[in-house]
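The primary structure of each chain is shown beneath.
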Amino acid sequence: MNMEVLAGLSRPIIMGVLLGGLYALIALGLSMVFGVMKLINVAHGDLMIFSAYFAYALMTAWGIDPILSLTMGIPLWFGLGFAIQKYVMSRAFGISMEAPLIIAFGISLILQSLAQIIWSPYSRGLTAPYALGGISLGITTVPRTYLLSFIAALVVMLVLREFLRRSYLGKAIVAASQDKRGAELVGINTGRVYAFAFAIAMATTAIAGVFFGLTFPFTPTSGVGFLVIAFGVIIIGGLGSMLGTFIGGIVLGLTQTLSGHFLGAAWQMLFVYLIVFVVLAVRPQGIFGR
Amino acid sequence: MEKDSQETFSDALLRISNVDAFYGTFQALWDVSLVVKPGEIVALIGSNASGKSTLINTISGVIHPARGTIEFDGRDISTLDPFQIVTLGISQVPEGRRIFPEMTVSDNLILGSYNRQARPNRDQNLKRVYEHFPILEERKNQLAKTLSGGEQQMLAIGRGLMSDPKLMLFDEISLGLAPKVTEELYKAVREIRAKGITILLVEQNVRRSLKEADRAYIIKAGHIVLSKNAAECQEEEIRQAYFGVCS
Amino acid sequence: MGVERNMKVSINQWRLIVPVVLVVVLAIFPIIGIPLAWLLYLFLFFVYMAMANMWNLLAGYTGLTFLGPAALVGLAGYTLVIVTWNDLPFYLGIIGGGVVAAVFAALMAIPTFRMRGIYFAIGTLVVPEVLRNVFYVWKPIPGDFIGGGAGYMIKGIEGLSLTEFYWLALTIGIVSIIVMRVILRSKLGLGLAAIRDSDRAAASSGVDVFRSKLYAFVIAAFVMGAAGAICFVYQGYIAPVGAFNIRWLMTCLLATVIGGIGTEEGPIVGTIIVVFLHFLLARYGELSLLIQGVILVVIMLLMPGGIVGLIRRKTRDYRSLLQLATRR
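Protein chains in written order, with this note's numbering: chain D, 1 to 290; chain X, 291 to 537; chain H, 538 to 865.
Everything labelled a hint here was simulated from the structure, so no lab data went into it.
Hints should not be assumed to be uniformly reliable.
Claimed, not checked - In silico DSS-like links for lysine-lysine, alpha-carbon gap of 27 Å or less:
#1 Lys435/X with Lys38/D
#2 Lys180/D with Lys435/X
#3 Lys456/X with Lys180/D
#4 Lys435/X with Lys518/X
Claimed, not checked - Now the stretches of chain H that chain D is said to cover, found in silico as 3 or more residues with beta-carbon under 8 Å:
#5 558-572
#6 704-717
Said to hold, decoys possible - Calculated from the model, a selection of chain D residues having no Cβ within reach of chain H, i.e. all distances over 12 Å:
#7 Ile67
#8 Ile74
#9 Ile103
#10 Ala115
#11 Ser136
#12 Gly191
#13 Thr221
#14 Gly264
The beta carbon of each residue, even a glycine, is placed where N, CA and C say it ideally should be.
Using the sequences and the hints, build the whole thing.
Below, the structure is given as structure tokens:
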């Protein structure tokens with residue numbers, strides 16, 4: 001390979017890795033819910049986008065900085081997640097196998113239409129003075145938002161990992177995902193643990209939404225695409241390991257930037273979705289292989 | 291069908307009275323009554339699908355009785371959730387162990403003391419478990435799935451001990467294990483009883499369980515068919531009750 | 538004896554006559570001056586019902602939670618574009634659309650049937666996303682796009698009025714009902730019922746699981762595609778964002794769930810309500826979707842069997858109550 005091609009690749013590669021961090025952050029919430037409760041929350045993407053809209057509302061109404069607005073967004077999303085699992089999803093599980101899926105769809109529809117009613121179908125974005133422009137990383141310059149998102153992803157994932165490893169509740173969440181009956185017999189209130197897991201997942205999703213909103217424009221219907229990406233991340237990276245999620249994110253991020261680099265911007269997302277589909281098809285048993 | 295008629299122990303720790311239990315529309319337990327006194331080892335014997343595990347799960351709250359009551363320490367626990375029953379002092383070492391495979395041995399044990407009452411005594415209980423099963427301390431940072439069958443069973447028992455139980459339910463602890471390992475496990479069971487914990491033991495291995503137990507119940511197809519002191523059990527009547535062969 | 542036999546024959550004849558009469562009556566609606574608004578309602582009703590019926594066949598009867606109707610509809614629509622831009626009659630485009638959708642379904646089956654449960658659902662969800670992006674970059678007709686939306690007008694439909702659209706819709710609606718009736722009463726239908734409960738159990742009873750699913754999938758795809766193409770004929774225009782929109786899935790889902798998933802009458806009842814809602818809330822724009830979402834959640838929680846399920850339960854309760862009351 002000649003040096004020019006290599007040098008030209010350095011930017012998309014670095015951008016791909018940074019983007020991968022954001023994708024991993026986005027996938028965290030889905031991974032947690034799927035890992036613990038074996039539920040694919042199809043409203044995941046929309047919940048993330050709604051967090052971006054929430055921050056947008058605070059930004060436009062009172063000029064609150066998006067990252068700062070997370071002090072409100074996180075507890076709100078936490079509570080929302082707790083309520084959804086405790087009062088809606090737990091009942092859905094008892095109804096039928098498709099019920100949680102369909103209900104999540106309903107929630108997705110509700111969120112999309114709410115967003116469209118309140119903020120119209122035109123695309124919006126989050127802005128902050130420190131998030132504008134590029135930053136030099138030696139070899140190349142990248143948009144600041146990419147770097148910020150990457151750092152946020154690292155921080156959140158580390159915090160979450162330590163929480164799951166060290167605290168009683170964290171361990172209980174992990175245990176309940178490995179053997180529900182065993183967890184019950186040890187004195188774990190699995191219903192409450194599931195609610196907490198969903199709540200934590202939603203909190204990370206709120207964070208993901210804000211950083212996503214700072215990096216890219218969004219519309220009420222942007223959510224589905226990110227559900228697919230998040231799902232792709234956990235299929236590629238596996239469940240139960242932060243490193244795996246990170247790698248999954250980076251694989252998709254690189255796919256996007258490299259295909260954009262070689263084929264043009266219009267092809268990026270096509271390849272990303274294609275890879276997700278191919279991995280799904282090649283590993284039909286998913287991660288568990290049960 | 292033979293039953294000792296004085297099932298009216300007033301000092302019973304666990305009293306099961308006339309319990310019916312269902313899996314969906316299938317009735318698994320029929321008018322089951324059983325008593326465990328404090329400090330005893332009681333054996334529950336029966337073949338496969340006799341309802342032994344169902345009974346254990348009903349005590350633990352995984353299944354709720356459709357009829358009848360379950361009293362523990364004078365309190366009706368028939369409608370409680372499993373995690374609440376653990377808090378009251380009943381600990382089940384489940385069939386198939388149900389340990390957390392991707393977590394370390396020490397994490398598995400620590401989770402045993404999850405309920406609020408047991409947490410303050412955690413380190414103390416952990417030491418005791420390691421005394422019963424030194425091999426667990428050796429392997430404490432290994433993932434539970436890397437343990438051998440016998441070690442996993444020890445882990446399950448140890449985990450059950452961590453919740454400061456008054457009553458422990460052992461469901462088929464010797465299943466699939468070599469006799470030597472089974473001996474070690476039963477040695478631990480004796481040690482546990484010596485510490486004052488009451489034990490209800492479910493076993494397919496009739497002779498083994500009768501050796502350890504004070505009293506025995508035999509269950510067949512969801513009915514209690516025999517209830518006797520272990521020492522008085524004759525092989526013939528056991529066989530009849532177990533297999534239901536009319537003589 | 539002779540009188541009874543005559544009566545029996547009569548009842549069977551009625552079973553055939555009533556639907557035929559109904560169809561004829563519906564068919565002459567446009568001619569006898571039924572208001573346009575009603576015709577429009579019925580147009581949407583028949584098209585959506587056809588799709589919902591097929592979705593129900595897959596999700597309710599075969600156990601295939603298929604989340605990609607948008608893929609089939611969109612592809613059928615673009616087939617229509619290609620056909621009409623090549624100066625072929627539009628109804629060939631509709632049939633072509635159905636065929637292309639069916640072929641695509643057969644191709645999709647190969648990778649997706651191996652995915653179990655939720656993975657199948659997400660896998661089929663991804664497909665429309667992929668296709669939408671494909672059609673952003675690929676131009677089926679060489680040349681420039683109309684406007685900025687990467688879309689195409691449908692040609693060869695000038696001079697068509699609501700009457701013709703209505704008849705097209707009526708046709709596909711009836712086709713979907715006939716397909717349902719025939720399949721469910723056939724050997725294939727029995728196989729599907731077995732598969733819905735358990736793939737493995739069905740396989741061990743000698744059902745060729747893959748082939749049964751494939752047949753159901755391909756047939757459903759044809760009808761869905763044709764129905765979608767009819768929609769685009771009415772709309773006159775197609776663009777990637779609308780062609781592969783998740784709204785196609787939402788309509789099927791909502792209609793089937795409200796009516797009763799896994800029941801034959803469910804999608805019909807459900808579509809009546811969905812289209813009614815569509816008109817009732819049309820001027821409220823996005824609010825109508827919001828309400829549909831709320832309805833979906835509420836129904837799944839409170840009435841998972843849908844309206845038909847509720848009615849069946851009530852009649853069963855009533856019947857057993859009646860038995861109790863009249864016990865000899």
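Verdict on chain D covering the stretch 558-572 of chain H, criterion of 3 CB contacts below 8 Å: n = 0 at 8 Å, threshold three: violated.
A cut-off of 12 Å on Cβ-Cβ distance, and Ile74/D was said to be off the interface with chain H. Does that hold? holds, 25 Å
Determine whether the non-interface label on Gly264/D survives the test: each CB of chain H must be over 12 Å from its CB. violated, 8 Å
Holds or violated: Lys435/X with Lys38/D, Cα cutoff 27 Å? Answer holds: Lys435/X to Lys38/D is near 21 Å, not above 27 Å.
Please confirm whether Ile103/D is truly not at the interface, meaning its C-beta sits more than 12 Å away from all C-beta atoms of chain H. violated, 5 Å
Mind checking the alpha carbons of Lys435/X and Lys518/X for me, to see if they're no more than 27 Å apart? violated, 39 Å
Would you check chain D against the stretch 704-717 of chain H, counting CB to CB pairs closer than 8 Å, and say if three or more residues qualify? Answer violated; 0 residues pass the 8 Å Cβ test.
Beyond 12 Å from chain H, beta-carbon-wise, is Gly191/D? Non-interface label stands for Gly191/D: nearest chain H Cβ at 17 Å, farther than 12 Å.
When you look at the beta carbon of Ser136/D, is every beta carbon of chain H farther off than 12 Å? holds, 32 Å
Please check whether the beta-carbon of Ala115/D is more than 12 Å away from every beta-carbon in chain H. Given that some Cβ of chain H is not farther than 12 Å from that of Ala115/D, nearest at about 9 Å, it is violated.
CA of Lys456/X to CA of Lys180/D, is that 27 Å or under? holds, 23 Å
Interface-negative label, Ile67/D against chain H, beta-carbon threshold 12 Å: Holds: least Cβ distance 29 Å, greater than 12 Å.
Hint violations for this structure: numbers 4, 5, 6, 9, 10, 13, 14, all remaining hints satisfied.
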